[in-house]
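Protein chains in written order, with my numbering: chain A, 1 to 431; chain B, 1 to 293; chain C, 1 to 308.
None of these hints come from the bench; they were simulated from the model. Possibly wrong hints are sitting among the right ones.
Stated by the list, open to error - In silico SDA-like pairs for lysine to any residue, Cα to Cα no more than 20 angstroms straight-line:
{"no.": "1", "chain 1": "B", "residue 1": "K179", "chain 2": "C", "residue 2": "I233"}
{"no.": "2", "chain 1": "A", "residue 1": "K271", "chain 2": "C", "residue 2": "G161"}
{"no.": "3", "chain 1": "A", "residue 1": "K62", "chain 2": "B", "residue 2": "W68"}
{"no.": "4", "chain 1": "B", "residue 1": "K179", "chain 2": "C", "residue 2": "P203"}
{"no.": "5", "chain 1": "A", "residue 1": "K62", "chain 2": "B", "residue 2": "E72"}
{"no.": "6", "chain 1": "A", "residue 1": "K271", "chain 2": "A", "residue 2": "Q189"}
{"no.": "7", "chain 1": "A", "residue 1": "K62", "chain 2": "B", "residue 2": "S69"}
{"no.": "8", "chain 1": "A", "residue 1": "K186", "chain 2": "A", "residue 2": "P175"}
{"no.": "9", "chain 1": "A", "residue 1": "K62", "chain 2": "B", "residue 2": "R70"}
{"no.": "10", "chain 1": "A", "residue 1": "K372", "chain 2": "A", "residue 2": "A309"}
{"no.": "11", "chain 1": "A", "residue 1": "K419", "chain 2": "C", "residue 2": "E75"}
{"no.": "12", "chain 1": "C", "residue 1": "K255", "chain 2": "B", "residue 2": "T255"}
{"no.": "13", "chain 1": "A", "residue 1": "K371", "chain 2": "A", "residue 2": "S382"}
{"no.": "14", "chain 1": "B", "residue 1": "K179", "chain 2": "C", "residue 2": "R222"}
{"no.": "15", "chain 1": "B", "residue 1": "K179", "chain 2": "C", "residue 2": "V303"}
{"no.": "16", "chain 1": "A", "residue 1": "K271", "chain 2": "B", "residue 2": "S55"}
Unchecked claim - Covered, in the sense of this in silico footprint (three residues per stretch, anywhere, with C-beta under 8 angstroms from a C-beta of chain A), are these stretches of chain B:
{"no.": "17", "stretch": "37 to 51"}
{"no.": "18", "stretch": "141 to 152"}
{"no.": "19", "stretch": "232 to 245"}
Ideal placement from N, C-alpha and C gives every residue a C-beta, glycine not left out.
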Amino acid sequence: MMNPRPLAGGVSAMAIRRRTLLKGALGAGALAGLAGCGGGDDGGGGGGAVTFGSNWSDEVPKNAIAAMMKGHDAEVSINTVDHNSFQENINNYLQGGPDDVFGWFAGYRMQFFAEQGLVGDISDVWSDIGSGFSEAMKQQATGADGKQYFVPLYYYPWAVFYRKSVWAERGYTPPATMDEFVALSKQMQGDGLVPLSFGDSDGWPAMGTFDYLNLRINGYDFHVELMAGERPWNSQEVKNVFDAWRELLPYHQPDALGRTWQEAAQTLLRKESGMYLIGMFMGQQFPEGPERDDLDFFPFPEIDPAVGADAVEAPIDGFMMAARPRNEEGAKDLLRYLGTAEAEDAYLAVDPNNVAAHDDADTSGYSALQKKSQELVSGAKSISQFLDRDTRPDFASTVMIPSLQAFLRDPDDVDGLTKSIEEQKASIFGG
Amino acid sequence: MTAAVKKRRKPVRPARVVLQAFLIVMAVGWIFPIAWAVYNSLRDFDYTSVNGYFSVGGFTLDNYVEAWSRGEFGQSFYNTAIIVIPSVLITLLLASMVAFVLARFSFPFNLTLLALFTAANLLPQQALLVPLFRLFLNFELSYDVSDSGSLYDTYVAVIAANIAFQTGFCTFVLSNYMKTLPRELTEAALVDGAGVLRRYWQLVLPLCRPALAALATLQITWVYNDFFWAVAFMRTGDKMPVTSSLQNLRGQFFTDYNLLSAGSVIVAIPTLIIFFVLQRHLRAGLTLGATKG
Amino acid sequence: MADQAVRRPPRRPRRVRTLSGVDVLTVALMVAVPTVVVVGLVWGPALATVLLSFTDWNGIGNLSEINFVGWQNYEDATTNYPPFGPAIRHNVLWLVVFFVGPTLLGVILAVMLDRELRGSRIYQSIFFMPVVLSLALVGFIWQLIYSRDQGLLNEVLGLEGGARIDFFGNPDINLWAVLVAAGWRHTGYIMLLYLAGLKAVDPALREAAAVDGAGEVRTFLRVIWPVMRPVNIVILVITVIESLRAFDIAWVINKGRNGLELISTLVTQNVIGEASRVGFGSALATIMIAISTVFIVIYLIQVMREQK
Chain A
1 MMNPRPLAGG VSAMAIRRRT LLKGALGAGA LAGLAGCGGG DDGGGGGGAV TFGSNWSDEV
61 PKNAIAAMMK GHDAEVSINT VDHNSFQENI NNYLQGGPDD VFGWFAGYRM QFFAEQGLVG
121 DISDVWSDIG SGFSEAMKQQ ATGADGKQYF VPLYYYPWAV FYRKSVWAER GYTPPATMDE
181 FVALSKQMQG DGLVPLSFGD SDGWPAMGTF DYLNLRINGY DFHVELMAGE RPWNSQEVKN
241 VFDAWRELLP YHQPDALGRT WQEAAQTLLR KESGMYLIGM FMGQQFPEGP ERDDLDFFPF
301 PEIDPAVGAD AVEAPIDGFM MAARPRNEEG AKDLLRYLGT AEAEDAYLAV DPNNVAAHDD
361 ADTSGYSALQ KKSQELVSGA KSISQFLDRD TRPDFASTVM IPSLQAFLRD PDDVDGLTKS
421 IEEQKASIFG G
Chain B
1 MTAAVKKRRK PVRPARVVLQ AFLIVMAVGW IFPIAWAVYN SLRDFDYTSV NGYFSVGGFT
61 LDNYVEAWSR GEFGQSFYNT AIIVIPSVLI TLLLASMVAF VLARFSFPFN LTLLALFTAA
121 NLLPQQALLV PLFRLFLNFE LSYDVSDSGS LYDTYVAVIA ANIAFQTGFC TFVLSNYMKT
181 LPRELTEAAL VDGAGVLRRY WQLVLPLCRP ALAALATLQI TWVYNDFFWA VAFMRTGDKM
241 PVTSSLQNLR GQFFTDYNLL SAGSVIVAIP TLIIFFVLQR HLRAGLTLGA TKG
Chain C
1 MADQAVRRPP RRPRRVRTLS GVDVLTVALM VAVPTVVVVG LVWGPALATV LLSFTDWNGI
61 GNLSEINFVG WQNYEDATTN YPPFGPAIRH NVLWLVVFFV GPTLLGVILA VMLDRELRGS
121 RIYQSIFFMP VVLSLALVGF IWQLIYSRDQ GLLNEVLGLE GGARIDFFGN PDINLWAVLV
181 AAGWRHTGYI MLLYLAGLKA VDPALREAAA VDGAGEVRTF LRVIWPVMRP VNIVILVITV
241 IESLRAFDIA WVINKGRNGL ELISTLVTQN VIGEASRVGF GSALATIMIA ISTVFIVIYL
301 IQVMREQK
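All chains should be built: construct the whole structure from the sequences, respecting the hints.
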C-alpha cells in the first residue's frame, strides 16, 4: 500500500496535536492522508523559465496569451488547462504546487484565495505598475488586507445588446428609464419580436439580471453588503428586486431554464428577438463580419432616479502569483511586464473581444463596440464584478443558482424564496 | 454451436422474421441520434446558427480538420494510452485474481471480501476526490521524478485512482461469471495435481474470455472517457488525456457545437475499433470437451 | 443429462485442506494485493469522507483548520437545502425506471442476439455504440434532439411558439428526457454484460433441451435462466449502482439543477470549485453511502442464502 508521508513539512505543532487527537478519538488513520500543509514545496530552485498557468483555453484568447508572453524578455513556459477544468479544480491546483503565475478573476474570488494564503502578495509589483491603472482597477486588485494580489488584464461589461439593423428598421431607440424599457418591450411584442432573449440553463446568466436590478433599485453599496453576507436576503429591498423582475418576466423569452445562453444568442442573431442582457463575450456567437458589426448595446436603464444608472457590471480577468513560486524573481518580473500597456496591446491585438484594463493601452484599433464599452466603464461611478465573483463561490453556486431558477419557475413565492436563501446563507456564512 | 442445434432451429421461420423486424426497428432508433449528430458535425457552424440544425446545407469537412489541429489530438491520444493501457491491464489482473479465489474457494472471509469489493462500486468518484487528492499530495517524491514533488500531477496517481475505482466492479462481475463455469473443470484439474496458479491462469482465465472481453471493452471505454481523475490529479495541460482535447474545443465563451461533435467523433473512433476487435472474443463459446466425456 | 446439470445440488464448501503450502501463499497474495489497493484508495478515502462530513472544512489548509460541527451538515442537508429532497426522489425514480426499462430491454436484446442471427454482430455494435461515446458527444446528441428552439423533436412534432416543449427546462419532464438518454446508454451496457454471460452457458444444456423438444422460450426460462442466476445478480446490482451513481448526463445538461437534482450532482456542486463546502458535500456523500449500504446488505444476504 502506498504509505502517505504522515506529516508534511510546515505543519504547526498545533496541527500535529490536533491530528494525534483526531486519530485517537476517532480511531481511524484515514485522516492521516489529509494531514499536512497544502502548498507545494519550493525546492525547484530559483532559475529557469517562469511557468504560467493559463485558463485561456479558447482558440482566440489562447493565441492572444501566447502573443503576449512572447513580448516578455524572459522565457515563459505556458501550461494551458481548459477553462472549465481549471476553475473546477482550482483548489487542488493551488495546493498542489501551482505555476509561478496563473490566470484568475478579480473580486471576492481573488480575495478568498488571498485570505487563505494560497496566492502571493505582489504589492511591490504594484508600486511599479500602479500608475497605469485607475483607482477602481487597483481596488479590484486589492485583498481584504489592503495588499495587492492581482494584475488586471481586461474586462467585459454586461449590458443590453441589440442588432442595429433591426432597430433601424423598426425605429427603436435605446430606453433610459424602466418605463421606456417596458414600453419598448411592449412595442417589440406588438411587432412579433421576443423583447428579451433569455437562456438560463447554466444558472449564472440570470445573475446578471438580478445584479442589474439590484444595482438600479438598491445601489452599489447595497450590492456589496448583500454579497458580503452583511444584509439579510429576506429584506424588503431584496424582495423589491424580485418584484421588479417579475414585472419584466413577460418580456423575457419563455422557457429560459432549458435554454443555454448560446441558444438565446441565436434568437438575437436570427432577428427573432429585440434585446439581450448579457456580457460582451456574447459577440463571439455572431459570425465575424457584418453580423458581428451589427451589434450594439445600451446600459441597463435607470429605475430609481435617486440611485441612478452609473453602476456597471464589468467582470475583470487577470493574473495572480502563486503563494510560493519556484521562481519568485521571474514571476514578479513577468507580472511587471503583464501590467504594462505593451503587454495589453499584444493581447488585444489578437483578442479584440474585451476591453483593456490598462489606462495607456492603445485604443486606436478598437471596434465601435469596444470603444463604447470603454466609455461605459470609464464613465461609471462604481464597477461591480458579478454575483458569482462578488460573493462566496459556494453560496453563489449551491444557493443562488438554484434559488434564481426557482424564482423563474415560480415567480410568485418571493417571501418563501427569500426566506430560504437567508437560511441557507446563514449556514454557509456561519450565522 | 454444433450443426445439430442450428438445424433444429430452422423450422421456426415466421418468428425469425418478426425478430429481425423488431431488431431492425430498434437498431435504427438506436443509431439515429448518433447519425443526426454526425450529420451536423459535417456542417458549417455559421450556416447552422443562422438556419438552425433542422435544415439541409452548409456541408463541409472543415470541422474535422479544424478539430484535429486545434485539439492537439496527437499528444493527447498518446497521453491517453499511457493512462488506459496499464489501468485496464492491472485492473483486470487484480480483479480476476480475487474473483478466482472468491468463486473457487470457500473461505470464511469470502463474504467480507465480496462485500468489500462490491460495495466499493457504489461510492461516487466525487466522494473520494478530496481525500485522494490529499493522499497523493502528501506522498513525497523526488523532484527528478515529479515536478510537483509528490504523486500529484503524475500519471501514477491517475492510473492508481482508476485501478482502485474499477477493481471492485470487475471483481464482482468476474466472480459471478466464474460461478457459472461448470465446476467439473477445475475439479478435474485438481485431480491432475495442478497448482492454484495454474488453475487460475490456464483453466479459469481462458474460460472467462467472453467476460474478460466484455469487461475490457467497458473498462477501456470508461478509463478512456474519464476526465474526472485526470483533471483532479494533474495540473499540466500537456499531460492531459484526449478528453481534455475535447474540453478545449468546448469554449469558455463560444462553443462551436459542430466542431465539438466532429472532435467527439474523432475521439469515439478508437473505442469503436477496440470494441470491434474484442467482439470476436465475446462470441467465443465454451468448449467443454474435457468434461463432456 | 440436462436435468442433472440444471438441478445441480447446491454447492458444498470446498475442502481447503487440499491446498499445498505454495498454494496457500499464492491465494493469500492473490487476495491481499487487490484488497490493499481497494482498501487504501477507496475505503480509506471513503472513511475520511465520512469523518469530514462532521466538519465544516473548505478543503484548504491543514487539519488545524478543521472544526468539528457534529451533525450540523446533516441537519442542514435535510432541513435547509431545498434540492436534497428532490435528489433522493429522483434517484429512486431512476432506479425503478432503469429496472423496468433499459435493464429488461438489454437482457432481452442479449438473449435475442445470442442466437446465431443474421447480422447479430452489427446489431450488437449498434446497441453498444452509445456506451463508448464520450460525454461531450452524448450531451450534444441530446441537445440536438431535445432543444426547445432547434431540437429535432419539436420540429418533427411541428410545434410552434408557446406550444413547444421545453424538454430540458421544464422540471416536470426533464428528468424523463434524461432517463431516455441515460437508458439509451444503459441498455447497450447491460446487453454486453448479459451476452458475455450467455456465452458461458454450457451449450450442452441447450442441446439437451432441444433434444427434449422444448421451445426456445421454454428452453430459456427453464434451462438458461436458472444457470444464469449469478449473472442475473450482476445485472441487478449494476442497475442499482448505475442508478445511485447516475451523474453525467444530468451534469452535462444543467449541472443537475432545476428538476435534474441527483445526489451525485449535489455532492459534486459542493465539493468541486473554489471555496468548496467539503464538509457539507461529504455529508451528502455519506448519505449516499448509507443508502447504498442497504442494497449491499440485501445482496449479501442473497449470497449467503445461496451458499447454504
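Comparing the hints with the structure gives:
| no. | hint | verdict |
| --- | --- | --- |
| 1 | B:K179 to C:I233 | 12 angstroms, holds |
| 2 | A:K271 to C:G161 | 15 angstroms, holds |
| 3 | A:K62 to B:W68 | 17 angstroms, holds |
| 4 | B:K179 to C:P203 | 16 angstroms, holds |
| 5 | A:K62 to B:E72 | 13 angstroms, holds |
| 6 | A:K271 to A:Q189 | 13 angstroms, holds |
| 7 | A:K62 to B:S69 | 14 angstroms, holds |
| 8 | A:K186 to A:P175 | 12 angstroms, holds |
| 9 | A:K62 to B:R70 | 11 angstroms, holds |
| 10 | A:K372 to A:A309 | 16 angstroms, holds |
| 11 | A:K419 to C:E75 | 17 angstroms, holds |
| 12 | C:K255 to B:T255 | 17 angstroms, holds |
| 13 | A:K371 to A:S382 | 19 angstroms, holds |
| 14 | B:K179 to C:R222 | 19 angstroms, holds |
| 15 | B:K179 to C:V303 | 12 angstroms, holds |
| 16 | A:K271 to B:S55 | 18 angstroms, holds |
| 17 | 37 to 51 | holds (count 3) |
| 18 | 141 to 152 | holds (count 7) |
| 19 | 232 to 245 | holds (count 8) |
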